[in-house]
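Start from the sequences, fold in the hints, and give me the full structure.
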Amino acid sequence: MNRKVVFEQKLLPYLLLAPQLVVTVVFFFWPAGQAVWFAFLRQDAFGIRTTFVGLENFQDLFADPLYLETVRNTVVFCTGVTLIALSLALVLAVLADRQIRGAGLYRTLLIWPYAIAPAIAAVLWIFLFHPQVGLFGRALNDAGIPFDYKLNGNQAMLVVILAAAWKQVSYNFIFFLAGLQSIPKSVLEAAAIDGARPVRRFWTITFPLLSPTTFFLVVVNLVYAFFETFGVIDALTRGGPAKATETLIYRAYVDGRINLDLGMSSAQSVVLMIVVIALTMIQFRFIERRVHY
Amino acid sequence: MSTTEATPGLALAEEAAPPERRAGADWVAHAVLILGVVLFALPLWIVLMGSTHDAATIGRGETPLLPGSEAAANYAAAWSRGTTGVPVGRMLWNSTVMAFCIAAGKIAISILSAYAVVFFRFPGRRLAFWAIFLTLMLPVEVRIFPTFKVVSDLGLVNTFPGLIIPIVASATATLLFRQFFLTIPDEFVEAAKMDGAGPLRFFRDVVLPLSRTNIAALFVILFVYGWNQYLWPLLVATSDEVETVVIGMVKMIGSESNTDWSLVMTTCVLALLPPVAVVLLMQRWFVKGLTETEK
Numbered sequence: 019m020n021r022k023v024v025f026e027q028k029l030l031p032y033l034l035l036a037p038q039l040v041v042t043v044v045f046f047f048w049p050a051g052q053a054v055w056f057a058f059l060r061q062d063a064f065g066i067r068t069t070f071v072g073l074e075n076f077q078d079l080f081a082d083p084l085y086l087e088t089v090r091n092t093v094v095f096c097t098g099v100t101l102i103a104l105s106l107a108l109v110l111a112v113l114a115d116r117q118i119r120g121a122g123l124y125r126t127l128l129i130w131p132y133a134i135a136p137a138i139a140a141v142l143w144i145f146l147f148h149p150q151v152g153l154f155g156r157a158l159n160d161a162g163i164p165f166d167y168k169l170n171g172n173q174a175m176l177v178v179i180l181a182a183a184w185k186q187v188s189y190n191f192i193f194f195l196a197g198l199q200s201i202p203k204s205v206l207e208a209a210a211i212d213g214a215r216p217v218r219r220f221w222t223i224t225f226p227l228l229s230p231t232t233f234f235l236v237v238v239n240l241v242y243a244f245f246e247t248f249g250v251i252d253a254l255t256r257g258g259p260a261k262a263t264e265t266l267i268y269r270a271y272v273d274g275r276i277n278l279d280l281g282m283s284s285a286q287s288v289v290l291m292i293v294v295i296a297l298t299m300i301q302f303r304f305i306e307r308r309v310h311y
Numbered sequence: 008m009s010t011t012e013a014t015p016g017l018a019l020a021e022e023a024a025p026p027e028r029r030a031g032a033d034w035v036a037h038a039v040l041i042l043g044v045v046l047f048a049l050p051l052w053i054v055l056m057g058s059t060h061d062a063a064t065i066g067r068g069e070t071p072l073l074p075g076s077e078a079a080a081n082y083a084a085a086w087s088r089g090t091t092g093v094p095v096g097r098m099l100w101n102s103t104v105m106a107f108c109i110a111a112g113k114i115a116i117s118i119l120s121a122y123a124v125v126f127f128r129f130p131g132r133r134l135a136f137w138a139i140f141l142t143l144m145l146p147v148e149v150r151i152f153p154t155f156k157v158v159s160d161l162g163l164v165n166t167f168p169g170l171i172i173p174i175v176a177s178a179t180a181t182l183l184f185r186q187f188f189l190t191i192p193d194e195f196v197e198a199a200k201m202d203g204a205g206p207l208r209f210f211r212d213v214v215l216p217l218s219r220t221n222i223a224a225l226f227v228i229l230f231v232y233g234w235n236q237y238l239w240p241l242l243v244a245t246s247d248e249v250e251t252v253v254i255g256m257v258k259m260i261g262s263e264s265n266t267d268w269s270l271v272m273t274t275c276v277l278a279l280l281p282p283v284a285v286v287l288l289m290q291r292w293f294v295k296g297l298t299e300t301e302k
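Just so you know, the protein sequences line up as chains A and B, in that order.
Position one of the first sequence corresponds to residue 19 (our numbering), numbered consecutively onward.
Position one of the second sequence corresponds to residue 8 (our numbering), numbered consecutively onward.
It is worth saying that the hints were derived from the structure and are not from the lab.
Every value quoted in this text rests on a predicted model; they were computed, and no experiment measured them.
Idealized CB from N, CA, C, for every residue including glycine.
In silico DMTMM-like pairs for lysine to aspartate or glutamate, Cα to Cα no more than 25 Å straight-line:
no. : chain 1 : residue 1 : chain 2 : residue 2
1   : A       : K28       : B       : D202
2   : A       : K203      : B       : E299
3   : A       : K28       : B       : D212
4   : A       : K261      : B       : E148
5   : B       : K156      : A       : D62
6   : B       : K156      : A       : D279
7   : A       : K28       : B       : E197
8   : B       : K200      : A       : E26
9   : A       : K22       : B       : D202
10  : B       : K258      : A       : D166
Coverage of chain B stretches by chain A, computed from C-beta distances (three or more under 8 Å per stretch; other residues unrestricted):
no. : segment
11  : 51 to 65
12  : 117 to 125
13  : 191 to 200
14  : 267 to 277
15  : 282 to 290
Here are a few chain A residues that face chain B, going by a calculated C-beta distance under 10 Å:
no. : residue
16  : N20
17  : L29
18  : V112
19  : T126
20  : F248
21  : I295
Below is the structure:
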């Protein structure tokens, strides 16, 4: 953990740390503390008087059927994104890991979507599924299947899930490929010689040995789906139609920015903080173990 | 299992030609991979081709899959005027400044603080480390409105510092540099001390050159991270002077009835090209950086 030989200067380390710590305190801890504090306050309709209301904001929040609906949307959205992005990436990584011709080229052609912003991914998907200008959206409507993600809530959820997952596959692909390449080939060969078929080898050897990578990626994908997909939803559906694609992050934004309800928005920030703290702790407990693996 | 141990020669032979290597399986692999590549490239192809046609073609819903003749006109129009009053050239410049400053800023402040934490002993060292570590749990999304208030109290709304500084602290970069610094042998530090080199000299002449690959890897990841910011600029950069291309692009599709779809596609291509180019050109460092920083 620690170095044996260090420099003796007393003031210098503080100067080196200063920029990072100033930013951290002014723009991270102070606002986060305020978010927690505001969560226990309520402003009157004119924004003049502020009173301490204890846990009332939280009680109101969890008594609000619309908020519970948002929780449900978030669960559906996060599960969908994580499942699709992980399984697709695993299939592609397993195939790209085989010693076939052009494996390097496939890798290059599969990792670039990592660089696409979630909001830009959403715009790309407009051109696939928009009922008038989208390739598939128009084809579906021409074929007599009514498709309009601006009117149908389930279709809207499907399109935002697909767009968000599409962007995340390349990230998972890179990690699965690295994980596959670290599995000793001798283990697989031994199983092959013992007569295990490729599919059986995959489920009894490769998949269990990949489980640390998979577990890490599940956490990262959940964090991504929770916090980084705001742009996908804002560009595609704006939480609609009729709030069908409103996730926790989107609702917190709408309450703070458009409804200007600071207490309720802060209470939601606190809920989100708890989610991210839980996910980060799970992730780091796991990385501690991975170091030894 | 015992077969391989008894005959290592056999294992070597298998390395060259695994037993399941049948041409059929390879064809399936190629087919699925090509399908995957096409699935990912299709939307990109559509906007690329769409950006070479006029607005009417796309407005009619004929998603063209072959190049048209309007490329020069579209790119010139987008670059110099855009559709929302802000030229896309201007947005691209703003995004470049933001992405570059976020990447460079995060690397600079993280490498310095990691250096302090690893190469010095001082009261509060552990506290400083944990303070930095905690920022991992406070993404901008959960502290957005109070952070906006701080930025607005400092008079930094609609300025580049306001856009950049609140997201410039990076726990992941600090952790990566710390991890790497712990592997620098003690002998290097002893030798530097014996030669009378102080900590700043040691940093410049030894630590910085050794960190080059890590810096390159982090730069790619953080440049992409900076370029792709959405929620924070949406709130804090609302004037034309600091509008970024990702925000501007989404604004263009705001009023759908009279959207100029071909210019939207052109802008889309311009918005995604720089980060994709950075990732592809620096692919080797990028993959290394990603799998080693874990984020």
